[in-house]
Amino acid sequence: MDLLNARPRKKKTPPDVLPSATLSEFDGVRYLHLGDTPWVQGAMRIRKPQTLELDYVQRMMAWLLLKPTAAWAQGHVVQLGLGAAALTRFSHSVLRWRSTAVELNPQVVAACRQWFHLPPNDERLNVVVADARAWVEDTLNWDSADVLQVDLYDHDAAGPVLDDEDFYRACHAVLTEGGVMAVNLFGRSAKFMKSARRIEAVFGVGQVWKISPTAEGNAIVLAGKGVDWPERDELQRRAEAVRERFQLPAPPWVRLMRVLPTPRAVVAVDDAEELMT
1 MDLLNARPRK
11 KKTPPDVLPS
21 ATLSEFDGVR
31 YLHLGDTPWV
41 QGAMRIRKPQ
51 TLELDYVQRM
61 MAWLLLKPTA
71 AWAQGHVVQL
81 GLGAAALTRF
91 SHSVLRWRST
101 AVELNPQVVA
111 ACRQWFHLPP
121 NDERLNVVVA
131 DARAWVEDTL
141 NWDSADVLQV
151 DLYDHDAAGP
161 VLDDEDFYRA
171 CHAVLTEGGV
181 MAVNLFGRSA
191 KFMKSARRIE
201 AVFGVGQVWK
211 ISPTAEGNAI
221 VLAGKGVDWP
231 ERDELQRRAE
241 AVRERFQLPA
251 PPWVRLMRVL
261 PTPRAVVAVD
271 DAEELMT
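If you read the sequence shown in full-length UniProt numbering, its first letter stands for residue 1, the second for the next number, and so on.
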């Protein structure tokens, strides 16, 4: 979900009522909304449906930088929260990976099939109407995904609807060894570091990386399951390969990516800044 102007609404939809999927179009781009909110849940450029339109959605693909280029040839990617199906379309049609999408709201799936070029299920694509927590907690799905992409916001956009250690522990179990999880979080919220620390508590120190927020405020967190952090030069080489092969603006991501600092390092930086003021 794009976090531009996203704020909690005073009037909330009852938890047992799923909001309808609605559309808008502007300047050649089609947007998905939930209910009567103006907040963007996803977008597609109508004449280029396979491209990734939103900055944060492009950055969700930064997991490519944590895998050797030889590993880009095939794999299984799981998307939690379908949105406008941008990442699922990209994984299925551009990467040509086996792709699974888990979406709670059947109206979103129907809208994506009708208006956002989401293909029907086939041998490489499986769109499942299910609760994301239940899906990752199902042991049948453990050790099945090379990449897990998590973008779980409701129509109120107050924060991720699943953001606790038990959920991230199940996400870790879903990944294969060497797998990577990408999560869309509020980058300019006090909750961001709390969320990142929950992920770190599960994945381990040195296995969590953050990307600086987009102009709209979305910050992507990457978490690896036994991933070796590449040297900066190797990251840059992979970024150039991503740009050439997939037409994604990956080279600038490298300077925006940092290993999540240890709590001690954070305190040291805060103390240093206090001494300088």
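Think of the hints as simulated: they come from the structure by calculation, not from any bench. Mixed in with the good hints there might be a few duds.
To be verified - Quick list of simulated restraints, FRET-style, between CB atoms:
id, residue 1, residue 2, range
1, R124, R237, 39 to 45 Å
2, W72, V259, 19 to 25 Å
3, P252, E165, 27 to 33 Å
4, E25, D233, 31 to 37 Å
5, L256, Q107, 23 to 29 Å
6, S212, V129, 32 to 38 Å
7, P106, G206, 26 to 32 Å
8, L256, E165, 40 to 46 Å
9, P263, T69, 30 to 36 Å
Keep in mind the model is a prediction, meaning the values are calculated, not measured. Quick reminder that beta carbons are idealized off the backbone N, C-alpha and C, glycines included.
Hints and how they fare:
1. A hinted range of 39 to 45 Å for the beta carbons of R124 and R237 is inconsistent with their spacing of about 28 Å.
2. The given range of 19 to 25 Å is respected by W72 and V259, whose C-beta atoms sit roughly 22 Å from each other.
3. At roughly 32 Å, the beta-carbon separation of P252 and E165 lies within the given 27 to 33 Å, and the hint holds.
4. Remark: the range hint 31 to 37 Å for E25 to D233 is contradicted by a beta-carbon distance near 43 Å.
5. For the pair L256 and Q107, the supplied restraint of 23 to 29 Å is violated, since their beta-carbon distance comes to about 35 Å.
6. Roughly 34 Å separates the CB atoms of S212 and V129, a value that falls within the hinted 32 to 38 Å.
7. Here the CB-CB span from P106 to G206 is close to 40 Å, at odds with the stated 26 to 32 Å.
8. Here the CB-CB span from L256 to E165 is close to 26 Å, at odds with the stated 40 to 46 Å.
9. A hinted range of 30 to 36 Å holds for the C-beta pair P263 and T69, which are about 34 Å apart.
Figure legend: structure checked against the earlier numbered hints; hints not met, in rising order: 1, 4, 5, 7 and 8.
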